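S.K.: Work the whole structure out from these sequences, hints included.
Each chain is listed here by its residues.
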Amino acid sequence: MDFFLQLLLNGVVVGSIYALVGMGFVIIFKSTSVLNFAQGEFLLLGAYISLAITTSCKIPFFAAMLLTLAFAVLLGIAIERLILRPMIGKPVISIIMVTLGLSSILRAIVQGIWGTDTRPFEEIFPAAPVRIGPVPVSQAYLWSIGCVVVLLLLFSLFFKYTRTGIAMRATAFSQRIALSMGISVRFMFALAWAMAALVSAIGGILLGAIRTGVDASLALIGLKVIPVVILGGLDSIPGAIVGGLLIGVLENLAGGYLDTLVGGGIKEVAPFVILVTILMIKPHGLFGKVHIQRV
Amino acid sequence: MIRCGDFKTSYAKDMAIFNSGLARCSLALFLLVLLAVPLYATSYWMDVLNRVGIAIIGALGLNILTGFTGQISLGNAAFMATGAYSTAYLASLGLPFVITIPLSGILTAVVGMIFGVPSLRLKGLYLAMATLAAHFIIEFGVTHWNSVTGGVNGTSVPAASLFALKLDSDGKVFYLIFSLMFFLVLFAKNLFRTKVGKAFVAIRDQDISAEVMGVNLFKYKLMSFGVSSFYLGVAGSLLAYQAKYISPENFPITLAIDYLAMIIIGGMGSILGSILGALFITGLPEALRLATSVLNDVFPALVGLFASLKLGVFGLAIVLFLIFEPDGMAARWRKIKTYWRLYPFSH
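Top to bottom, those sequences are chains V and Y. Numbering-wise (our numbering), the first sequence opens with residue 1 and increments by one. Numbering-wise (our numbering), the second sequence opens with residue 1001 and increments by one.
Here are the computed lysine to aspartate or glutamate pairs in the DMTMM-like style, where the Cα-Cα straight-line distance is at most 25 angstroms:
| no. | chain 1 | residue 1 | chain 2 | residue 2 |
| --- | --- | --- | --- | --- |
| 1 | Y | Lys1198 | Y | Asp1327 |
| 2 | Y | Lys1219 | Y | Asp1205 |
| 3 | Y | Lys1310 | V | Asp215 |
| 4 | V | Lys90 | Y | Asp1205 |
| 5 | V | Lys267 | Y | Glu1249 |
| 6 | V | Lys282 | Y | Asp1207 |
| 7 | V | Lys282 | Y | Glu1211 |
| 8 | Y | Lys1337 | Y | Asp1327 |
| 9 | V | Lys267 | V | Asp215 |
| 10 | Y | Lys1195 | Y | Asp1014 |
| 11 | Y | Lys1189 | Y | Asp1207 |
| 12 | V | Lys282 | V | Glu268 |
| 13 | Y | Lys1172 | Y | Asp1047 |
| 14 | Y | Lys1195 | Y | Glu1211 |
| 15 | V | Lys90 | Y | Asp1207 |
| 16 | V | Lys90 | Y | Glu1325 |
| 17 | Y | Lys1219 | Y | Asp1207 |
| 18 | V | Lys58 | V | Asp215 |
| 19 | Y | Lys1189 | Y | Asp1014 |
| 20 | Y | Lys1189 | Y | Glu1325 |
| 21 | Y | Lys1310 | Y | Glu1325 |
| 22 | Y | Lys1310 | V | Asp117 |
| 23 | Y | Lys1195 | Y | Asp1205 |
| 24 | Y | Lys1244 | Y | Glu1286 |
| 25 | Y | Lys1189 | Y | Asp1006 |
| 26 | V | Lys58 | V | Asp117 |
| 27 | Y | Lys1337 | Y | Glu1325 |
| 28 | V | Lys90 | Y | Asp1327 |
| 29 | Y | Lys1244 | Y | Asp1047 |
| 30 | V | Lys289 | Y | Asp1207 |
FYI, nobody ran anything at the bench for these hints, they're computed from the structure. Remember, predicted model here, so these are calculated numbers, not experimental data.
M.R.: Spelled out as structure tokens, the structure:
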């Protein structure tokens, strides 16, 4: 039972990070119809920038985090302006390829500046575990779940009640109608990329804190989040949250119980098996709008 | 003579692969030069050339599926792995290459068709993800089927053999790779003059109209997956023979991205584009290596940065091509040819 609880908890923690990164995917896809394969690299860059700021400037973690987020926002806007805007109206394959090219560039920048060794991440959260029932839980886990919950709440409120949030939803619904209503679609696109970069950077910092170190493998989460967004529905923020938690828990349970049977690696492949299954039976995901054209 | 325009008077002429004797002669001359290359080139250049040949076959395969049929696939590295591991296994049984290569191709075609089944329901983005999943599932299979694949440690591949003939050096494998490449290019060129090839293109251009016109979508999409995977399987098989040792690290997801980059940069839906793209993407790291070794005296730091430089230039090339030349090098080549056709009297 303890083993099960431990797996469940690990799953929820990893799942909450998935949910966060998945939300970045969904925000971009919803408003610009671009599937961003460079999301994992945003995460990586966020983690490294915060690391660089804390180690070189000797400023408190909170200030460093704010600086990192400011940088992430600028990065998101720059990428949208320079790379994605010329691609509006191009075929899907070109858009997929441009984000893949972008991911190569970002990874090259990170590798070129910080090398490929694992860098120790400053201990932000106290190491002593807290006991919840029978299971010891590291404080980093609790903090990250807390951050994710607050962020997801904030974003839901933002999309529901603020003027800008509603304008973004309008853009997602129909760019043409949004334009005719006086909404600047360009601004909404830039905002979507900025927000996605922002949540990814937060995800990167949290993941760095949990793993107590960052290296290039952090970017792999960008690919692992694809099953999450497909499961939840590509255009649904609640879907990303539910999908993230589900995939996180499922992969941990599968890893915990099946790894001994096949000799490891189940954790990496389980989300993709789920992905294929979902694509075959319910391609728009649990909460996505049904608009896939069948042929 | 280079023609100054299209003056075709019959359908047969319109369909012809070579539109003038000059084109045919220059190709023959080029092949003759290619035959002599292994006699003079260093082993380093033979290695590069062999990898170019393999990349051309693989890029052609992917282009048949993605460029000509419009089905986006991120599973091509896994399909190459299937071909490579089948060859490693079959060759270890002592079979000659005339059997292992076609068999690996057919086996990969079957695997490719299985993973192509979702294409009936999915397209665009969703198909890309389904094939991405296929990549990870096949990779999992490769790393866990220890008795056949050697797991994460990989497996060695005996030299390609046919009775007493043993192709145990880069110079000898070269002839195998390039003769196969020649036939596969010719096959692809001819494929798109047939009914099947035209059906592929019709599916790409407008699948619903294609179905209305009587193209059986499921059949032709699967066939496209099959042909494409056959090419990728053969490329993987040759890769196994050329590398002599294969492990899952030879077929990462970045390899799939490399191949997509080849057809994007070369030109989607163009045979010439596959060749140019394969040349470009395989040649790019070599050109960079040359440049860094030349600049070594001025910027010694460059050598340490080589890996990230390679990655960055690769990404930049993709992005710049997509923004400034979305139709690829093949389109640029056509433009240059059109310009010179009427030189100096072009407008």
